[in-house]
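These protein sequence lines map, in sequence, to chains A and B. The first sequence begins at 1 in our numbering and counts up one residue at a time. The second sequence begins at 1 in our numbering and counts up one residue at a time.
I should point out that these hints are in silico values taken from the structure, not numbers from a laboratory. Values in this document were obtained by computation on a predicted structure and should not be read as measured data. Certain hints may be false.
Unchecked claim - Computed list of lysine-lysine pairs in BS3-like fashion (alpha-carbon distance at most 25 Å, straight line):
(1) A:331 / B:150
(2) A:331 / A:549
(3) B:150 / B:133
(4) B:150 / A:329
(5) A:549 / A:538
(6) A:329 / A:278
Unchecked claim - Have a look at the derived ranges for each label pair, beta carbon to beta carbon:
(7) B:33 / A:22: 33 to 39 Å
(8) B:137 / A:526: 39 to 45 Å
(9) A:274 / B:188: 38 to 44 Å
(10) A:117 / B:33: 36 to 42 Å
(11) A:117 / B:215: 43 to 49 Å
(12) B:268 / A:274: 38 to 44 Å
(13) B:229 / A:482: 38 to 44 Å
Even for Gly, the Cβ is constructed at its ideal location relative to N, Cα and C.
Below, each chain spelled out in residue letters.
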Amino acid sequence: MSAPAAASAASAAGTGVGPGTGELARIFVRLKLSLLRNGLRQSSARTAVFVLSLVFTVLFAAGLLIGLIVLRGGDGAATLTVLLTGLLALAWAVMPLFAPGGDETLDSTRLVMLPLRPRPLVAALLVSSLVGIGPLFALCLVVGSALALAHGAAAVIVSLLAVPLALLICVALARAVAAANVRLLTSRKGRDLALLSGLLVALGFQLVNFGVQRLGEAGGLSALEPAARIVAWLPPASAIGSIDSVSEGRYGAALAQLALSALALGALLWSWQRNLTKLMTSPDGSTLGAAQESATGGESSGTLSRLLPEGRTGAVMLRGLRYAWRDPKTKASWVTGLAIGLLVPLFSAAQGTGSVYLACFATGMLGMLMYNQFGQDTSAFWMVAQTISTTREAYEELRARALALLVITLPYTVVTTAVTAAVLGDWGTLPSALGVSFAALGVFLGTGAVASARLAYSIPQDSGYKSVAPGQAALAWMSLFGGMVAALVLSLPVIVPTVWLHLSGDRGTLWLILPAGALYGLLIGWAGLRVAAPVTAKRLPEILAAVSKG
Amino acid sequence: MPDIRATGTGGTDAGGAPVAPPAVRVEGLWKRFGEQIAVSGIDLTLPAGRFIGLVGPNGAGKTTTLSMVTGLLRPDQGRVEVAGHDVWRDPVAVKSRIGVLPEGLRLFERLSGRELLAYTGRLRGLPGAEVDKRADQLLGVLDLTGSQNKLVVDYSTGMRKKIGLAAALLHNPEVLFLDEPFEGVDPVSAQTIRGVLERYTSSGATVVFSSHVMELVESLCDWVAVMAGGRIRAQGPLADVRGDAPSLQSAFLELVGATGRDTAHEALDWLGGGSAGGAR
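Sequences and hints are given; from them, build the entire structure.
Listed below in structure tokens is the structure:
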């Protein structure tokens, strides 16, 4: 609706240079708002979920803001704010790769046909990126940091520069990474580099994990000061760092830190613009790579298909496994899950702080893949819907999808847990850790099946920018977080006895957790499938509508 | 001539009188999307064993109607029966009897053409060996054997329609629903699709397809339903719907009230070669 508006604005400019930056920004902000509004208008339940998540975010952000203001003048204020800003930037960088709803706005590749110059386009897209819940949260954090740090008139003036700078860097970072990622996912060699983005996420996650552990063991913020001293020179945290520097009278340092941030913003915008221009002017290379893959793929999958059971179960499993390898998005989430699942327990074990139970992380990461199963099908779900007419068929479909996940996840969990135990030299805990893992796996598969049936959402395929269709982000978060909470609660019957056995020092009976956990996981997984099957069979048209938005 | 219909359901002869229930019976079917009424209470009876065209301008409600008839979209109100079975109350009987090729929905595109057929057939509960045999023949007849190992994502529009048609025919349905099967398809592929469909209907099966290309409908169909603005404007044998009009096209334009709309030239007085400024 607003694309023609952009077009008419472009032609209204007449001379052919395209609309000015300001006008274009206004159009894009309007477009973003109407996309959001239209997404919400489609369902009142979705509106409720959106409002709920908005309220939650605002409350959290307000709490953060108040907390930071209270911190004003305190010892750790500089350390904490700088690190928080660094973390914020990391989150923004990772979001487009990983999290749903990270960028549900404008897909600039759709604007290819409009006579827009890259520079005003980038500027306008940047401005429109500032509209949303995420930027609001970032703004609260950055403003809070400035309030906590600024002392004196000079610091206030620097803050006025630093706050927008830090915010813009975050937003530009997300955009630049997303644009680079699209190129990765659509280019021929990039298909395999998709693995890299998964690994990157895994490493970033591990870094945070490391920091949090440090914080826990060394007791307090002072342990983080060396890290903060470095981060204070990394944009966008350097912008916040500059406020602190000015407050302490180090004007030279402040200037350098501000300059660094400004430079980073420039570099990000430049790289984004470059990638965007290439995206919009060069053809999608994905087809070339795909054609080659298929030529080589025939033989090995022949053997695989012979190993799998006949009928729907085998067919669905085979398709699931093929998609894990061939579909860039599915592949990236598999690699992320596999990598994080291995890195977290191993890193921690190598630091000597770990526990064999951390290997359950792999289970969790991979178990999350069961969520939104039908969304992963996209609108091709109609092919599945056409063949499901009974609860039994829905059950078989869901069970086959769970089995496809198990084929990889189960051996992987065993190996990860065993390796972690070997590194720690703690073989005694291996059986119970495996038991907890198996229970968690069953819980994830069971709750995932229910979430797939109840809270399906679209994963747009035509663009690497988005992992959720406009207006469905809140639904996606609810599916993932609600699922995680439910999974945790449902795992308690195994976790609690395990903890209790450890506390009571009764290590002799700890191995009992293995059969108990495996049995419990099987039971919950089966129960989840049983609950999800009739829901799936009844809601086929609704699920199809929900997953066809992309 | 390979016979791909394995276990027919009685096989009504092409010339035989249609004593069987109609292929499709629709009663008082409604669908609203927010304020927009897409389908407003249509009644429709499509006889079995015919080549049926559902025609209408864009936005007439053809896709919405076909989606509701095939169980892909839940109607707000109304009844749909396919081959005598209620689509929403007896999905088992209906889904095994129909084949669908929707418009605007994806296929599992990261599978090759052959893998897609193997997957679909097994989901339909056909034995593996039978699926592979039928897939071979369908790929051959539809001229896809050369690209059977290419991923569907790399297929052209015509190839996609053909592989979609193959997937819809695999389980030998009684009624085949095709939404715009010729849209964006090159003449060669269109002729191939046409040949397969004609052979399929001549064995007594029913094809229901939507289109807005009147010449095509006129040359293919023997039964037509005209839809516009969410309502059925006319239905019946092609000759009846055409009436005295020289072609289906002009009969159609009259039915939807689109004749005599030639007053547009003054509104577009700026449009024309040479008078506009530089385009760059």
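Broken hints, by number: Checked against the structure, no hint fails, so every one of them is satisfied.
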